[in-house]
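Peer 1: Given chain A, work out where chains B and C should sit, using these hints.
Listed below, chain by chain, are the residues.
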Amino acid sequence: MELVYYDDESTSDRVQQLYTKLITEDKVDFLISPYSSGLTAAAAQVTESYGKIMIATGAASDSIFKKGYTRVYQVYTPASKYMAGAIDMLQQVDPGIKKLAFLFENSKFAKSVATAVKAYAESKGYEIVYEEYYPSGATEFTTYIAQIAQSGAEALLGGGHFQDGQSLAQQLYQQKPPLKAVFILVAPTVPEFADIGDAAVGFMGPSQWEAIAPYSPDQAKTLGLEWYGPTIDEFVNAYKAEYGKEPGYHAAGGYVAGLVLQYALEKAGTTNPDKVKDVLDNMHILTFWGEIQFSSRAEDHGLQVAHERILIQWQKVGGKLERVVVWPAKFAKAQALYPIWG
Amino acid sequence: MVSPELLGATVINGLLLGVLYGLAALGLSLIWGIMKVVNLSHGATISLGMFLTYMLVVTPMKLPLWAGVVLATLLGVPLGILFYTAAVHKVLGGPELSSLLTTFGLGLVVRGLLEEKYGGAARTIYTPGEKTVRILGISYSYVQLAAVAIAVATTLAVYVLVYRTWFGRAVRAIIMDKEAAALMGVDTTRILALSFALGASLAMLSGSLISLIYAFTPLTGLTFELYSFVIVVLGGLGSPVGSLLGGVIVGLAEQVSALYIPVALSPMVAFIILVAVLALRPTGIFGGM
Amino acid sequence: MGRLAETLATVKNPSALAGLGLAALFYLVGLLAVRDPGYAYYRETIATALVLLNMALGLNIILGMTGYVSFGHVVFFGIGGYVAMALLEYRGWNIYVAMLVAAAAGAALALVLGTIVLRLRGAYFAIATIGLNEAIRVFFENYQPLGGANGIELSVSRVANLRFMGYQGLAAKLHLSYMLLATVTLVAMAMNWFILKSRFGLGLLAIREDEDAAESMGVDTWRYKTLAYMLSAIPPALAGAVFAWKNGSIYPHTAFSLTLSIEGIIAVMLGGAGTFLGTLLGALTYSGVKTYLLTSFPHLHLVLFGIAIMAIVEFLPEGVVGWIRIRYTHLRRILE
Chain A
1 MELVYYDDES TSDRVQQLYT KLITEDKVDF LISPYSSGLT AAAAQVTESY GKIMIATGAA
61 SDSIFKKGYT RVYQVYTPAS KYMAGAIDML QQVDPGIKKL AFLFENSKFA KSVATAVKAY
121 AESKGYEIVY EEYYPSGATE FTTYIAQIAQ SGAEALLGGG HFQDGQSLAQ QLYQQKPPLK
181 AVFILVAPTV PEFADIGDAA VGFMGPSQWE AIAPYSPDQA KTLGLEWYGP TIDEFVNAYK
241 AEYGKEPGYH AAGGYVAGLV LQYALEKAGT TNPDKVKDVL DNMHILTFWG EIQFSSRAED
301 HGLQVAHERI LIQWQKVGGK LERVVVWPAK FAKAQALYPI WG
Chain B
1 MVSPELLGAT VINGLLLGVL YGLAALGLSL IWGIMKVVNL SHGATISLGM FLTYMLVVTP
61 MKLPLWAGVV LATLLGVPLG ILFYTAAVHK VLGGPELSSL LTTFGLGLVV RGLLEEKYGG
121 AARTIYTPGE KTVRILGISY SYVQLAAVAI AVATTLAVYV LVYRTWFGRA VRAIIMDKEA
181 AALMGVDTTR ILALSFALGA SLAMLSGSLI SLIYAFTPLT GLTFELYSFV IVVLGGLGSP
241 VGSLLGGVIV GLAEQVSALY IPVALSPMVA FIILVAVLAL RPTGIFGGM
Chain C
1 MGRLAETLAT VKNPSALAGL GLAALFYLVG LLAVRDPGYA YYRETIATAL VLLNMALGLN
61 IILGMTGYVS FGHVVFFGIG GYVAMALLEY RGWNIYVAML VAAAAGAALA LVLGTIVLRL
121 RGAYFAIATI GLNEAIRVFF ENYQPLGGAN GIELSVSRVA NLRFMGYQGL AAKLHLSYML
181 LATVTLVAMA MNWFILKSRF GLGLLAIRED EDAAESMGVD TWRYKTLAYM LSAIPPALAG
241 AVFAWKNGSI YPHTAFSLTL SIEGIIAVML GGAGTFLGTL LGALTYSGVK TYLLTSFPHL
301 HLVLFGIAIM AIVEFLPEGV VGWIRIRYTH LRRILE
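Residue numbers (the working numbering), protein chains in the order written: chain A, 1 to 342; chain B, 1 to 289; chain C, 1 to 336.
Only chain A is shown next, with the shape it has when bound in the complex (with noise of 0.2 Å):
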């Protein structure tokens, strides 16, 4: 097996450019997909025209799944299953709480985060006391927290990026709102988050993976699934050994991207597309990466129907800060710190 790549600059005139380079001249059997959903959406339109098999990582969209593509397979969890964790987890933690506020940036990607736990939560009884959505980029969200903190609400979901999610971390720490719970998207799931000192403590968000994530060879057994590829600590290891640093959610995500293939390729006994296309459509497995189970519906077909998303807390452990699981409460290793600001 040989891998081939190029970088596609983030734009989308590119992307096609690209796929189609690999496809004809680099001649690749199988593609996986650029990182975003906007590109993955304009690589998609070239490999589904040549017929070729793409694994889809660090897309989150639920809506290109939506279109009729019959080989695109995304390993991520969809957007909207995104933070569906957060209204489980606050119905266990402190069924009392019944007002959320919604903060997220207008990108498509948080956008569509907000729409389906939105939906969610008000299926299961809660009430949106306040929904806003600030403009990409965005660094000043403090007459915002006001209104959230007049408006009643008791959680706040939020979020979309790097920057705006840390800047609207630090200012929620900053004015304290009468809130128990923040979830908020993206930021807090890298290390730099930890930049913003003390006021990291208590700020939850949904991963696509930790290195503590908690699947198991044993724990597939009693799941019922096959186990596929290395274990946790043999993936981290591994990385660790090649790259000198521990591996965040992309770079999980892209070796995962392979090790569905190498399954897929594995149980077909041949590259022929039709063959291995049978296999992912029909697979369900446990990896380091979490369960993976492809939509064969043709309404969705390749949406990710089982990978779960675990919720992670920002805790003080042992004088340091560090992130830890607080749900599913099946693969939690820590009491989540909960009301936030104690």
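Where hints are given, some of them may not hold.
To be verified - Pairs of lysine to aspartate or glutamate, EDC-like flavour, derived with a Cα cap of 16 Å: (1) B:Lys90 with C:Glu6; (2) A:Lys98 with A:Glu122; (3) B:Lys131 with A:Glu122; (4) B:Lys90 with C:Glu318.
In case anyone wonders, no lab produced these hints; they're calculated from the structure.
Peer 2: Only chains B and C this time, still in chain A's reference frame:
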């Protein structure tokens, strides 16, 4: 329903924010006013101020905050002269387009270097902790208030510099008639290079102060650059006080409007103000220098 | 009629023939790629260049010939793309009609925006166009009927029955969209050439040299500028429509990204503002250099690129073709 207290708090917050916007626009305004160059590397220079401060006070160096701000601002002078030499000197007096493009190119160089070193994840320098002052239910950190005070003081100092010193007289002579100024013994190249350095140094100062309050990436300066266009057009080219007032207007418009319209639409307010002012009164509300 | 024949006869000029030759080459690569997938990468590389070329050809009319720096020109690329995608995905229209409506929408938007900004000159005009583009981007980010921040993505079913030279569905779209892009480019080239050769074009050049003088010489500058702005909106609007269809998606932050207009401006400058051949060479060279930098220096391409822009403007301010025209006056009749 907006309570009077929330409205009051929003006005104060918009005011304080606006002062920072004003400082961020000041460098752009001076350079535009003095040498008729719309400096499209302005946003990248603001970002550079942020990351220089990060280097000075977080890693690799661990200087106190104030030293980081002062050093980042002072470093703006030699960097500004370097920028002037590389991107501006040769195209001065040519068509606007030339300097728009060279400064844009310069901005790409700065941004490219920052992205190469720091990637896309956000950095933060300082978190307020408990040292805050509460005004109408909103907490302001000491650092935040100090930043606002520095911004106001800087604006006034620049005003004095432009209107009360030999440097200012030389600059205004060049604005009126470059050749006549040269004949009268003004070293125009030196004055222009210093003016650009002053503009760059002010951009670095604003970046440095902003980096103490907000999280930032190599692209954060660009947001302030876009607002700076609005502010300069509002306040008039080269006018320090106009810059401050323009900043306050934009800060207030952005913050107060968000109480009444969806937050997502708030950037539109600034750009509509920009186009409206340009269409109705192209010399700015507060006139030129 | 005599004038028309005269104008048409100018096509015998070597620069115009070079343009026609290039257009023929673009079509040829598209046809070769239909037969042999080995040409698909060339096709895609040219497609990338053609998007920029259309932006540059549009800009050449308002910036190159008229002297107005339309920094936010990408607004027409975005509006063309959005109008087309809304019709294609939501209404199921075919691409040809969608393109025509997109072109009309681009020109209409230019008419409206022009009444606001064309009274401004120099850097003020440039900044105002940036402001308008940003305001319109924010509008699309919030306008839910057109997807808001989620954009519009094309369903496979919308092109399932599309047939083109033996291909069907998405593959047919990939081939056809390239051919349409080539056609749009040919149209933009023709627009540029005939404007440059017309009395209208002379009026624009007079405005560029000295607007007040042009006015006093009896040029109806307001009408000329407005018409130039509307015409300059058409190539990017058409390219935006085809590009969005080809890509199968459109999002506000990519459709209204200032980078494309700035690259278009640089392409025009590089070749020589207001020249026909210069715009072609500028856009194609620029796109080629960019592809090279991206694939060879993935990490430092922004830095190299910034240095290249500064060097071009500082050392070759008239552009390549402009420089040759000044240096070798006898070539002026050939290099237009």
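Peer 1: Does each hint hold? Answer for all of them.
Peer 2: Structure-based check of each hint:
At most 16 Å may separate the alpha-carbon atoms for a hinted pair to count; Lys90 (chain B) and Glu6 (chain C) exceed this at roughly 43 Å. At most 16 Å may separate the alpha-carbon atoms for a hinted pair to count; Lys98 (chain A) and Glu122 (chain A) meet this at roughly 10 Å. The suggested pairing of Lys131 (chain B) with Glu122 (chain A) is violated, with an alpha-carbon distance near 39 Å, which exceeds 16 Å. Between Lys90 (chain B) and Glu318 (chain C), the direct Cα distance comes to roughly 14 Å. Compliance with the 16 Å bound is thereby established for this hinted pair.
Figure legend: structure checked against the earlier numbered hints; hints not met, in rising order: 1 and 3.
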